[in-house]
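> These protein sequences, in sequence, are chains W and B. For the record, in the first sequence the residue sitting at position 223 is 223 according to the working numbering, with numbers rising by one throughout. For the record, in the second sequence the residue sitting at position 218 is 218 according to the working numbering, with numbers rising by one throughout.
The set of hints was computed from the structure by calculation and includes no laboratory data. Please read these numbers as outputs of a predicted model, since none were measured by experiment. Please note that the accuracy of each hint is not assured.
Listed below are several chain W residues computed to face chain B (Cβ distance under 10 Å; list not exhaustive) [unchecked claim]:
| # | residue |
| --- | --- |
| 1 | 52 |
| 2 | 70 |
| 3 | 74 |
| 4 | 78 |
| 5 | 84 |
| 6 | 90 |
| 7 | 91 |
| 8 | 95 |
| 9 | 99 |
| 10 | 100 |
| 11 | 103 |
Even for Gly, the Cβ is constructed at its ideal location relative to N, Cα and C.
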Amino acid sequence: MADPLLRVKDLVRRFGGITATDHVTLDVAQGELHAIIGPNGAGKTTLISQLTGHLMPDSGSIFLGGEDISRLAAWRRSALGLARSFQITSLLMDFTAADNVALAAQAHHGHSFSFWRNARRESGLRQAAQAALERVGLGHRADVLVSRLSHGEQRELELAVALATKPQLLLLDEPMAGLGVTESARMVKLLQELRKEVTIVLVEHDMDAVFALADRISVLVYGRVIASDVPAAIRQNEEVKRAYLGDQHVVTAHV
Amino acid sequence: MKHSFDARTAVTVLLVAALLLLPLYSQLSGNVFALTLFTRIVILALAAASLNLIMGYGGMMSFGHAAYLGIGGYAVGILAQEGIGSGFIQWPVALAASALYALVIGALSLRTRGVYFIMITLAFAQMAYYVASGLARYGGDDGLTVYKRSDFAGLINLSNRTQFYYLCLACLFGVVFLIWRIVNSRFGMVVQGLRSNEQRMQAIGFPAKRYKLVCFVISGTMCGLAGALLANNTDFVSPAVMYWTRSGDLMVMVILGGMGTLFGPVIGAVVYLVLEEMLSRVTEYWALIMGPLLLLIVLFGRGGIMGLLGRFSRG
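If we strip away everything but chain W, and leave its shape as in the complex, we get:
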């Protein structure tokens, strides 16, 4: 049997007395859309940040395609095909949408110690950028400054930037955060398209979206994975129901 694309083993990260990631073990198979859910403060973003290298784990290991990446810097992981979107939109606000995506393409297309040629005239980069923008439905907004895009458009741009790095694995940290109903629906549709091409780890609060999209769901509570299974099994899981006691209806409503 093939190795999983992403394997997380016994990952631990503490902040002072709090164990934000508590011996997390997780496998994500190639081609899978793996959702991570959990109440606020369960350590979802902390986990994602360790996967991308923005935060180093105290112990445990992370493998991408069989390679140990636990200690690699963020930019190296990106080179290996790991891309992320941020929970709180994190873009180059004073650049245009096209520039944002073109830079992502540039990072994975030759080196950037080129001091003379005008980068905005490199047709290869511009075409890659335009293609990624079209992919998320922002083709017509290419030359708009990011700070002038709507929140929904910025969320879509986050995705386009991640796509432009040609990732094997896409880590999406609450792509639906702050989106309205129609925007959310568009995002779900978009993700349904993308999942055909790329393995996705999705952290999301929107349970409708999660249950509509996920092949597997891992439930994180107080930094621990209490269940990792197909959606139908997660719905039935007693421990999950208990953990979600306050929002029990959120999970059971879909039974």
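Given the coordinates of chain W, work out where chain B should sit on it, guided by the hints.
Frame of chain W, contents of chain B only:
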């Protein structure tokens, strides 16, 4: 675009023309002082432009940029003192020494950011200042007189005021042109991206520190050139050129003219130094007028003079 009149371009063109024609004016009017003043302005504009590369485009607030003026200057002064008068040796040494200093200081300083980066670059420049003060063989505190300007084997005579002025101006325009190419290149896009959002740039696969360090070294090397010119201009180099107030002057020029704009630092240097000259003629307490004036421009013209002009053209 659709503007029939773009104030920024107009002012830039006027400035370039004025700088080019200045020796002619000086000759015709017999005003030698104008040429002397503007030679100094052009050299410091070059230093400010180099600072703008890291500060304006790269977001690295270096408060120790005057160190390169000293390093470039001392390279020329010390070699001249030791009997090596050729500019073909002096100037490459000045540039190489500045680049090396930038490499070491940058590698250490770029571990920090924000206020800490400002403080550590300041600390290193002050260290350079004290090291220069301790160079007993080369004048120590009193500085070092450069008895003979750099010799370029008859190619150009640096002792001729006009020739020297045009050399400085060519260096300034050359550096501004180079910066223009750099900021629009792949490398420049990365550096500006890092200014905007370093975390994002790391996430899409750029090793941030490497790019920042290279940018820091390029900027320092350019400023080392200004240092070599300055020592030739004053026939003298002393630790005072590295003092922190001089670094502050350079920062003010950049902010005044407009950070992250190509000609902003040049305009900033001209306005700052001409104002200083004029006000100091009126009163000994010129700083009392200069201070509030700068404050007003920075407060109301976010983006400096270039920012003001930009808004003006948009109407």
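> Going through the earlier hints one by one, which of them does the structure break, listed in rising order?
As far as the earlier hints go, only 2 is violated by this structure.
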